[in-house]
Every structure is written in C-alpha cells, then in structure tokens.
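Please put together the full structure from these sequences, using the hints given.
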Amino acid sequence: MGLPRANRLKHRRDFDRIYKKGLYRQTPHLVLRALLEAKKNPIDGNERVESPPQIGISIGRKVSKKAVIRNRIKRQIKAVMRELLPNIPPGWKIIIGVRSQALKCEYKDFLGELKQLLVKAEIINGN
Numbered sequence: 001m002g003l004p005r006a007n008r009l010k011h012r013r014d015f016d017r018i019y020k021k022g023l024y025r026q027t028p029h030l031v032l033r034a035l036l037e038a039k040k041n042p043i044d045g046n047e048r049v050e051s052p053p054q055i056g057i058s059i060g061r062k063v064s065k066k067a068v069i070r071n072r073i074k075r076q077i078k079a080v081m082r083e084l085l086p087n088i089p090p091g092w093k094i095i096i097g098v099r100s101q102a103l104k105c106e107y108k109d110f111l112g113e114l115k116q117l118l119v120k121a122e123i124i125n126g127n
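In this note's numbering, the protein residues as written are 1 to 127.
Quick caveat, the hints were computed from the structure, so don't treat them as lab data. One or more of the hints may lead you astray.
[To be verified] Restricting the straight-line Cα-Cα distance to at most 30 Å, the calculated cross-link-like pairs of lysine-lysine (DSSO-like) are: (1) K78 with K21; (2) K39 with K62; (3) K39 with K115; (4) K74 with K108; (5) K120 with K104; (6) K39 with K108; (7) K74 with K62; (8) K93 with K104; (9) K39 with K78; (10) K39 with K104; (11) K10 with K78; (12) K65 with K93; (13) K10 with K115.
Shown next as structure tokens:
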C-alpha cells in the first residue's frame with residue numbers, strides 16, 4: 001500500500017522547483033530536499049490555503065540495477081512516510097533521495113534516518 005493520492009508528488013515541474021529552491025539535508029543513506037509552499041487565497045489575497053504535505057521518492061540505477069530491489073526500498077520508505085505523515089505540517093513538499101549505501105538498510109534504519117532528517121530540516125519537532 002502506497003501513500004494516499006493527495007500526498008504523492010507526481011509532476012516533474014514540482015520536483016524541479018524543489019531541487020532548485022528547496023532546502024537540503026543528508027544522512028549516510030538518504031537525502032532530503034524540502035520546500036514549504038503555500039498558496040494565496042483567491043478571494044481575499046491575504047490568507048494562505050495550504051495543501052497537504054506531498055512526498056516523492058527518487059532512487060536511481062546507481063543504487064541497484066535491479067528494479068525489484070529499487071522497488072523494495074521505495075516500498076519501505078513509503079511505509080515509513082505513512083507512519084510519519086500525521087506529524088508533517090501542511091504545505092511541505094518533500095523529496096527523499098536514496099543513496100547506494102541504503103541497500104543494507106531495513107525498515108527500522110529508514111525510520112530512524114527519516115525522523116532524523118525531518119528534525120534536522122525543522123519540518124517536525126524533535127520530541
């Protein structure tokens with residue numbers, strides 16, 4: 001089971017905008033890029049209407065030539081993000097990049113590193 005449809009980052013233009021303007025944090029196995037986006041309300045122009053947090057996962061062939069292995073890692077990261085999703089405030093767009101050393105990681109390793117990255121980026125509280 002993947003992420004809810006509203007929480008998926010799908011469009012290339014969103015990925016490009018986050019890569020250009022977003023903040024960057026890293027751990028030995030993962031890279032986090034994030035951007036806080038809020039839109040102005042078309043009615044009064046002042047109030048901001050925020051969208052739910054959106055998450056994308058980027059994993060290249062350098063990690064593994066086998067799609068089966070890359071997809072297993074993506075499934076593990078999606079499961080961790082489903083668990084952390086209620087803690088992420090609205091308006092955040094997040095890309096999680098996977099490094100080649102992540103082949104040795106398991107679910108609990110991804111959970112710890114993703115929490116650490118989200119705290120480093122000040123997206124969630126460290127409590």
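Which numbered hints are broken by the structure, listed smallest first? 2, 6, 10
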